[in-house]
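Next come the chains, spelled out residue by residue.
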Amino acid sequence: MATARADDMIDEEFSGALLEKHGFLSKRESIDCLTVDCPPDRLEELALSLRDEDGFDMLVDLSGIDHGEDAEPRFSSVAHFYSLVLRSYLRVHVACPDNEQPVIPSISGTFPAANWHEREAYDMFGVEFSGHPDLRRILMWDDYPYFPLRKEFPLAGIDTPLPADDVAEVTQASVEPAPMMGGPFVSAGEGPMSDSEPRALDESWTEESEKPQ
Amino acid sequence: MVIFKYKKFPMISDEVAYNGKVEGDVIVTKADAVINWIRSHSVWPMPMGLACCAIELMASAASRYDISRFGMEVMRFSPRQSDCMIVAGTVTYKMAEVVRRIYDQMGDPKWVVAMGACASTGGMYRSYAVMQGVDTIVPVDVYVSGCPPRPEALLDAMIKLQDKIGRESSLSNLRKTRGDRAG
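Sequence order for the protein chains is B and W. FYI, my numbering numbers position 46 of the first sequence as 46, with every residue one higher than the one before it. FYI, my numbering numbers position 167 of the second sequence as 167, with every residue one higher than the one before it.
Derived by calculation from the structure, the hints in this document are not laboratory data. Keep in mind it's a predicted model, so treat the numbers as computed, not measured. Each hint should be verified, as a subset may be incorrect.
[To be verified] Distance windows between CB atoms, simulated: (1) B:Lys27 / W:Arg150: 51 to 61 Å; (2) B:Pro133 / W:Arg69: 51 to 61 Å; (3) W:Gly107 / B:Asp52: 56 to 66 Å.
In this text, a Cβ means the ideal position worked out from N, Cα and C, and glycines have one as well.
Just chain W, same shape as in the assembly (with noise of 0.2 Å):
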């Protein structure tokens, strides 16, 4: 009997060796795997969208490419709400302050997506009004290039962040973010 089968995902298939008619009820993994695991299928994302990446960006989200079937269906438009920022278009020095405030608003964890040229180099905006590349304003952990990328590029960098999260050490980031406020 098997309930992880996902190759993608070796934190569970490889460490827990699961045969529920010897154990029962009872998984035994590591808390980090855990974790990670439902972070990295319940991704919700803050559509960031400041251009012509938004509607591929909502593409995404339409019929055709769904992408809840990743567990990311849940665009939030409160960064209270949201962990991953999809910055999805042009960035320009007016607006940088705004993605900078959007993203501390976000509560820990939180991760970001620079989609397309603009988000994460400046693009073929090379002038006095766009910021050149938002990495200056905001740590990015996937870059997605295509100006602008097709849903499937968002998509692969999606499953890339998954990736990402799923090698994260999520339970000594807790201890340490418990650490930090105990002291």
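The following block holds chain B by itself, in its conformation from the complex (with noise of 0.2 Å):
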């Protein structure tokens, strides 16, 4: 590991026993914590153990991935575990196998922790929870028809009716792509405030005078 610190009580040993215990891992490259992939079909079975056996005891994040339209596999989901006990991390990969119909195994079972997380990376990412006790929009609202952080989704956005009916009808608005004027407004994440403030990244361009190409 290129960041070993002090305090990071995993050493090649213990990480060692792990792969070997279970053998269906396999070992990633990483430049912090312990990094594996994880088949989809044995995921449950690892978060019983990581949680019961292994001193993984707190699951503390878990997202989605889109590795891009053409990637293969497109979708994958990001577990993080963290030891109380050794005190590390521990991420777990885990692929989708299907590009059209993502579906990974839920651990919320095992890790309530994991119940809105899941949800969240569904809301996102359209990935599918198998197991899952309650699987539904979290962010979005539930008849919203994308899912918005997949690659091909415009960051202004797609025009969709509003939530609700009665709403729209009166105020005859609607979901609009947002106006970018040179955007997106980003920070540029260091520097003083009056030059890290959030700004359009390319300001040649704005509403009235186009884009160049």
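Given two chains presented individually in distinct reference frames, assemble the corresponding complex, making use of the accompanying hints.
Listed below in structure tokens is the structure:
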């Protein structure tokens, strides 16, 4: 590991033993914590073992990834586990076998913390978590027809009716693509606040003057 | 003897030449002037706090800026009891429905202040999830710039709103409403 810290108690011996115990895991290059690939059909089994036997008792994060429309596999899910005993993280990659109907087993039965994370990954990427007790959208409204963090979805959004029919009727409003005006609006992330406030990346074009091709 | 010395509200000071010794306890004025004076000095805000602007809204209500100097300290979380919705923060499309419903639940007369860049135009959130200005769904009376605006800016906007209320034809509006109900 490139950046092993003094309190990083996972050594080669431990990670070797973990990989040996779960033969289906394969190690993955990583610059920080131990990272493994797990086949989707063994994920539930792994989660249970991590919690009850291997000391990784806390689920810190779970999210989805879209690797690009042409990537193979296209979708995957990443879970971060933390061990309060070992004081160390473990990252588990799970690739979806199917690009059209991505499905991954849910681990919310083992780690209840995964419940909302899996709903968010489903909401944003359309990755389904089989066995999830309540797989609904969590950020967008229930009838929203797209998965906004997929690569083909434009940042500005797509024309969609408002969630409430009666409000849409009274106000004549709908979900419209946002004007980008040289955006996206991002922060440089460094330097004094006057320079790092969010601003348009490309200020050469606006609504009035077209974007140079 | 001067009772109404506020030049901000000319409908009182300009139209009423009041002299207590001569006229006793009687003030002659227009109904509009009285109604507007009462309304503009007891604006009960509905704090529609959706993001960081709401923090500045809270600061405006606290002791340093003290919005109660203008008769607006009664922040009501029930739309039935309030008459000025201060939209303080980012209006997402999912929340837009709620904002509109709360606006509909407020009794007339009612006003809307769009506080900050997000409520006014969507601000820096040029995104699929954020409504580009709350005026898409509710009529806005005053827009406040800033990200977030300082409490002074909000107070300035509320004083401008008082001016605006002061210029309304309240009596004819009331008659119109009653006529609508009767007819």
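Tested hints:
A beta carbon spacing of about 53 Å between Lys27 (chain B) and Arg150 (chain W) agrees with the range 51 to 61 Å that was offered as a hint. Evaluation of the 51 to 61 Å hint for Pro133 (chain B) and Arg69 (chain W) yields a pass: the beta carbon distance comes to about 52 Å. The hint said 56 to 66 Å for the Cβ distance between Gly107 (chain W) and Asp52 (chain B), and at roughly 58 Å that hint holds.
The earlier numbered hints are all upheld by this structure, with none contradicted.
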